[in-house]
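So the sequence lines, in the order shown, correspond to chains W, V and L. Quick note, my numbering runs 4 ahead of the 1-based positions in the first sequence. Quick note, my numbering runs 2 ahead of the 1-based positions in the second sequence. Quick note, my numbering runs 183 ahead of the 1-based positions in the third sequence.
Treat each hint with caution, since some may be false.
What the hints assert, rightly or not - With a cut-off of at most 16 Å between alpha-carbon atoms, the simulated EDC-like pairs for lysine to aspartate or glutamate come out as follows:
id, chain 1, residue 1, chain 2, residue 2
1, L, K364, L, E302
2, V, K20, W, D347
3, L, K288, L, D326
4, L, K672, L, E620
5, V, K45, W, D379
6, L, K224, V, D76
7, V, K12, W, E28
8, V, K94, W, D379
9, W, K60, W, E108
10, L, K224, V, D88
11, L, K330, V, D49
12, W, K60, W, E28
13, V, K94, W, E348
14, V, K20, W, E70
15, L, K364, L, E488
16, L, K224, V, E71
17, W, K394, V, D49
18, V, K12, L, D460
19, V, K20, W, E28
20, V, K94, W, D344
21, L, K672, L, E629
22, W, K60, W, E70
23, L, K330, W, E70
24, W, K394, V, D47
25, V, K94, L, D326
26, L, K330, W, D379
27, W, K244, V, D22
Hints are computed from structural coordinates only; laboratory data are not their basis. Model, not experiment: these values are computed from the prediction.
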Amino acid sequence: MSELTRLSISEAACHLESKNISSEELTIAHIEEMERCRDLNAFITETPELALQRAKKSDARRSKGENVGAMDGIPIAIKDLFCTDGVLTTAGSHILDGFKPNYESTISQNLRDAGAVMLGKTNLDEFAMGSANVTSYYGPVKNPWVVNDLKDRVPGGSSGGSAVSVAARLSLGAVGTDTGGSIRQPASFCGIVGLKPTYGRCSRWGTVAFASSLDQAGPMTRSVEDAAIMLQAMAGYDPKDSTSARVETPKFNAELVSGVKGMMIGIPEEYTLDSTSEEIRKLWEQGCQWLESAGASCKRVSLPHTEFALPCYYIIAPAEASSNLARYDGVRYGLRVDGDSLDEMYENTRGEGFGAEVRRRIMIGTYVLSAGYYDAYYVKAQKVRALIAKDFEAAFADVDVILTPTAPTAAFPIGDRMGDPITMYLNDVFTVPASVAGLPAISIPAGLDSLGLPLGLHLIGRAFDEVTLLRTAKALENLADFNASPSKVDS
Amino acid sequence: MSLSHDDVEKIAHLARIKIDDAELETLRTELNNIIGWVEQLSKVDTDGIEPMTSVVGTNLGHRNDSVSEVNLSDKILANAPDRVGDFYAVPKVVE
Amino acid sequence: MSYLINGKTGNWEVVVGLEVHAQVVSNTKLFSGASTEFGAKPNHQVSLIDAAMPGMLPVINKYCVEQAIKTGVGLNATINLYSVFERKNYFYADLPQGYQISQYKHPIVGEGKIELDLEDGVTREIGIERLHMEQDAGKSIHDHDPKRSFIDLNRSGVCLMEIVSKPDIRSPEEAGAFLRKLRAILRYLGTCDGNMEEGSMRADVNVSVRHPGENLRTRVEVKNVNSMRFVMQAIEVEAERQVSVWESGGEVIQETRLFDVNKGKTRAMRKKEFAHDYRYFPDPDLLPLKLEIEYVNSITSTLPELPDEKKARFVKEHGLSSYDANVLVSDKQKAEYFESVMQYTPKQNQRDRDPKVVVNWVTTNLFGALNAVGKDISESKISAEQLGDLLDLVSDDLISGRIAKDVFDIMFETGRDASDIVKEKGLTQITDIGKIEAIVDKVLLENPDQVNQVRGGNNKAIGWFVGQIMQATDGKANPQLVNKVLREKLN
Ligand SMILES: [Mg+2]
Ligand SMILES: [Zn+2]
Numbered sequence: 005m006s007e008l009t010r011l012s013i014s015e016a017a018c019h020l021e022s023k024n025i026s027s028e029e030l031t032i033a034h035i036e037e038m039e040r041c042r043d044l045n046a047f048i049t050e051t052p053e054l055a056l057q058r059a060k061k062s063d064a065r066r067s068k069g070e071n072v073g074a075m076d077g078i079p080i081a082i083k084d085l086f087c088t089d090g091v092l093t094t095a096g097s098h099i100l101d102g103f104k105p106n107y108e109s110t111i112s113q114n115l116r117d118a119g120a121v122m123l124g125k126t127n128l129d130e131f132a133m134g135s136a137n138v139t140s141y142y143g144p145v146k147n148p149w150v151v152n153d154l155k156d157r158v159p160g161g162s163s164g165g166s167a168v169s170v171a172a173r174l175s176l177g178a179v180g181t182d183t184g185g186s187i188r189q190p191a192s193f194c195g196i197v198g199l200k201p202t203y204g205r206c207s208r209w210g211t212v213a214f215a216s217s218l219d220q221a222g223p224m225t226r227s228v229e230d231a232a233i234m235l236q237a238m239a240g241y242d243p244k245d246s247t248s249a250r251v252e253t254p255k256f257n258a259e260l261v262s263g264v265k266g267m268m269i270g271i272p273e274e275y276t277l278d279s280t281s282e283e284i285r286k287l288w289e290q291g292c293q294w295l296e297s298a299g300a301s302c303k304r305v306s307l308p309h310t311e312f313a314l315p316c317y318y319i320i321a322p323a324e325a326s327s328n329l330a331r332y333d334g335v336r337y338g339l340r341v342d343g344d345s346l347d348e349m350y351e352n353t354r355g356e357g358f359g360a361e362v363r364r365r366i367m368i369g370t371y372v373l374s375a376g377y378y379d380a381y382y383v384k385a386q387k388v389r390a391l392i393a394k395d396f397e398a399a400f401a402d403v404d405v406i407l408t409p410t411a412p413t414a415a416f417p418i419g420d421r422m423g424d425p426i427t428m429y430l431n432d433v434f435t436v437p438a439s440v441a442g443l444p445a446i447s448i449p450a451g452l453d454s455l456g457l458p459l460g461l462h463l464i465g466r467a468f469d470e471v472t473l474l475r476t477a478k479a480l481e482n483l484a485d486f487n488a489s490p491s492k493v494d495s
Numbered sequence: 003m004s005l006s007h008d009d010v011e012k013i014a015h016l017a018r019i020k021i022d023d024a025e026l027e028t029l030r031t032e033l034n035n036i037i038g039w040v041e042q043l044s045k046v047d048t049d050g051i052e053p054m055t056s057v058v059g060t061n062l063g064h065r066n067d068s069v070s071e072v073n074l075s076d077k078i079l080a081n082a083p084d085r086v087g088d089f090y091a092v093p094k095v096v097e
Numbered sequence: 184m185s186y187l188i189n190g191k192t193g194n195w196e197v198v199v200g201l202e203v204h205a206q207v208v209s210n211t212k213l214f215s216g217a218s219t220e221f222g223a224k225p226n227h228q229v230s231l232i233d234a235a236m237p238g239m240l241p242v243i244n245k246y247c248v249e250q251a252i253k254t255g256v257g258l259n260a261t262i263n264l265y266s267v268f269e270r271k272n273y274f275y276a277d278l279p280q281g282y283q284i285s286q287y288k289h290p291i292v293g294e295g296k297i298e299l300d301l302e303d304g305v306t307r308e309i310g311i312e313r314l315h316m317e318q319d320a321g322k323s324i325h326d327h328d329p330k331r332s333f334i335d336l337n338r339s340g341v342c343l344m345e346i347v348s349k350p351d352i353r354s355p356e357e358a359g360a361f362l363r364k365l366r367a368i369l370r371y372l373g374t375c376d377g378n379m380e381e382g383s384m385r386a387d388v389n390v391s392v393r394h395p396g397e398n399l400r401t402r403v404e405v406k407n408v409n410s411m412r413f414v415m416q417a418i419e420v421e422a423e424r425q426v427s428v429w430e431s432g433g434e435v436i437q438e439t440r441l442f443d444v445n446k447g448k449t450r451a452m453r454k455k456e457f458a459h460d461y462r463y464f465p466d467p468d469l470l471p472l473k474l475e476i477e478y479v480n481s482i483t484s485t486l487p488e489l490p491d492e493k494k495a496r497f498v499k500e501h502g503l504s505s506y507d508a509n510v511l512v513s514d515k516q517k518a519e520y521f522e523s524v525m526q527y528t529p530k531q532n533q534r535d536r537d538p539k540v541v542v543n544w545v546t547t548n549l550f551g552a553l554n555a556v557g558k559d560i561s562e563s564k565i566s567a568e569q570l571g572d573l574l575d576l577v578s579d580d581l582i583s584g585r586i587a588k589d590v591f592d593i594m595f596e597t598g599r600d601a602s603d604i605v606k607e608k609g610l611t612q613i614t615d616i617g618k619i620e621a622i623v624d625k626v627l628l629e630n631p632d633q634v635n636q637v638r639g640g641n642n643k644a645i646g647w648f649v650g651q652i653m654q655a656t657d658g659k660a661n662p663q664l665v666n667k668v669l670r671e672k673l674n
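With the rest of the complex left out, here is chain W (with noise of 0.2 Å):
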């Protein structure tokens, strides 16, 4: 274990701006430790010749004087859902077989010409379906935290890999994708930060489409100020994305130390379920008196809908799935299985190139369509979905930010909750309302429960106030001050 691969990205920063590292030692650092940890099955592809041609073109610029920003020479890790140029691209899906894009996705370019290293793809759960990364092609992912139990545990999903990456110190920071709670739920197993922006603030060309409404990548780090300078990076209007928000991109952390001294922390009642483990309702309750210990205010909210956002939820993304995902047929790119007919050759591929979960949504998406279903459940969705964003409306009439756990419990065994989908689905009860609204949340490690697995607390802030959403997070993560680290990494 390095000391390089210890530093935060602003750390690193300051160390490749005084010239005290370069960018291709910093990588190095990282390739090892990407190579060493090859039993998390963090990645699925690595690009280590790759990462360092870009390592040295970083050091290169920054000798002329000419570096790109602070993510100039940082390594980093994608998740396999974005397109990368020249690059195996397979979403965690044997449908996409030796699928290499000759296109570069606008978060992974954004991040190139930030001047990011990608140190390789990480795994995740196939076409980003799934909360415990056990749904890949490519192998489930371990989480890096082992406690007495010696279990291998999940690291949450659909980003696991990128959330090992981070957490197991593979990378300085990740990108993942948050449809439901991808980001945040990860990042609370895994005892890392985790934000999914607004929907529109980060284009989705070239990303892999899951649920095309509800996508939104986002940055995964090991703090908050990480989290603010690689969306600095990420974020922006994007032509060739019609759902891009057209907004301008603010200094996210223009307001970082700012505190949340008369700030009003909305706490909603609806948040308080049985299956919440009471650590975490403990948990929850710290934070309340964290931020009002430094000064904010907290204040019981309101959101009546939100214990229908999940079934909301699995019947829009599914629907969406179904349709996204009708172009792997076998034709153009990936697995083909052939059949006598264009039909079977279809069936044969799908079939073959999906795996359980994948299916199962398919289908689900399929039905919830059909003829005499469709007003029944996807336009009742919808409905519901404008309840549920007008709940979020009313209560931030009166607080700035709403404070919720992340997930209701810590990391479990790997193999554990398999034999249900929906035990599965249950997992991001805290994360999908703010999906289905479209509002940027956060998840920061703040504590860890009596086995010694982190856990997480979870932000929620306005359309398009990320930074304020990142100015509470940033007091939070003072407050709680969260120095645990895996045990792989200590090791």
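Starting from the structure of chain W, add chains V and L with the ligands where the hints point.
This is chains V and L with the ligands only, laid out in the frame that chain W set:
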């Protein structure tokens, strides 16, 4: 609403996914559980509520009518599982 | 005059509605920047979006929207300020996304109407149900390989307008008249080139039959008929088929049929195991299309004169008969040709040209000659300017009408100027009274018998003399002068 064996077959065909007979019953149970679970939405009073298709409030962006993509044939054919000349090839279709 | 089928059980009326797919004239596709030019090499005009590569997103072509609005206005239809793009989901080899982006519940154009001028001066109004925008699919080629079909995506994503008529059409002739009128309107507007051979206009025909006064019976859709003649034929044979089904005690089933050009019959399409279920839902990659009324008005204000307006103006301004005006305005280029002849004012000639003379030459002589050789007005070797010059030679008494016809024939073949031909062949009319008197004297002297007949009261013989004199002058003598001189000399 409960899906029958036939319903599941029909959906699988609409989605062009081959499901083995052995798998079909398990899948049917899972799908019925999920559908039964999402049906709790029927409890929500949505009278007079407009369905929300997008959380983005802005207007649809657009592009000008000028050719920006030229001669991409090699790019789009590069990953084709079966390519003949400049064509994609698929099992013969009878209309 | 109504079109009725005489069956055993009485007369049957035909009820027809048309769905016309018209390819929008634009440089690029509806949602991508790939060219739409006809005749490119296979898969050479396909963007990553058109090939539905992972992560690709549609961005709408503003000009296509403008074209749809123009067409809507030209069809006297409501322009909907709010319209929505939806996905029509189905699998087919030439449909890369696995769905077609189309408009369904909220089309851009609502109800309108087209006025038809039928043969016998009768006008009929045919209602327009709607017009919506959608993507075209690619092309499958089935005859290159015994076991495989080949896919060319050049057309994939090209913008189509689907124009749906109300079931107001009552005969094959009316269907033909509707398509001709629609094509004329589209061509006037420049929104579709109306070229059925190249597939830029295709029609689906909905046909049912009933006894006059009855409610509508089951309709059958005859798909993709690609010429006016076939549309008319398909209606005729399909209506007859339905009559015989009903009259033999059977029942017409609602189905999709194809028109077999070789057999001149319709046949059912290959039976589908499951009915189509397109699972339409609003495309989450595209926001609703909201138009400002000012924008629509600005487009409306730039529209060119349309056939109906032009016809009214021709009747009013030039005193043309309704029939002549119809012949001219049925084709924008024909109308423009006529107007060019009318407007072109030669330097030495300040008189206006006589519209009745012009319309006669244009419709009878020019269109007649073009028709005879199967050519289009755009292929005419005689320009409007040249035809105008020819007519001026006649009205200036420089050549006779008969000579003009000969000169016209040469012009039609060679494209040369009338005055050159007249000069070269010495066809200038003889208007010198002395010269004509000399010829008349000579002819009278040579034909004493006929002279006596005339003087004996047989006026017919004067005509004989005119003929003789014209012959003697190769038709160049001015016929009025010849008449005058003859009458003087014979009295
Ligand atoms: Mg149709
Ligand atoms: Zn259509």
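Do the hints match the structure? See the list:
| no. | hint | verdict |
| --- | --- | --- |
| 1 | L/K364 with L/E302 | 13 Å, holds |
| 2 | V/K20 with W/D347 | 10 Å, holds |
| 3 | L/K288 with L/D326 | 38 Å, violated |
| 4 | L/K672 with L/E620 | 9 Å, holds |
| 5 | V/K45 with W/D379 | 15 Å, holds |
| 6 | L/K224 with V/D76 | 12 Å, holds |
| 7 | V/K12 with W/E28 | 56 Å, violated |
| 8 | V/K94 with W/D379 | 37 Å, violated |
| 9 | W/K60 with W/E108 | 21 Å, violated |
| 10 | L/K224 with V/D88 | 8 Å, holds |
| 11 | L/K330 with V/D49 | 55 Å, violated |
| 12 | W/K60 with W/E28 | 6 Å, holds |
| 13 | V/K94 with W/E348 | 11 Å, holds |
| 14 | V/K20 with W/E70 | 55 Å, violated |
| 15 | L/K364 with L/E488 | 14 Å, holds |
| 16 | L/K224 with V/E71 | 15 Å, holds |
| 17 | W/K394 with V/D49 | 15 Å, holds |
| 18 | V/K12 with L/D460 | 10 Å, holds |
| 19 | V/K20 with W/E28 | 48 Å, violated |
| 20 | V/K94 with W/D344 | 8 Å, holds |
| 21 | L/K672 with L/E629 | 14 Å, holds |
| 22 | W/K60 with W/E70 | 13 Å, holds |
| 23 | L/K330 with W/E70 | 58 Å, violated |
| 24 | W/K394 with V/D47 | 14 Å, holds |
| 25 | V/K94 with L/D326 | 9 Å, holds |
| 26 | L/K330 with W/D379 | 42 Å, violated |
| 27 | W/K244 with V/D22 | 40 Å, violated |
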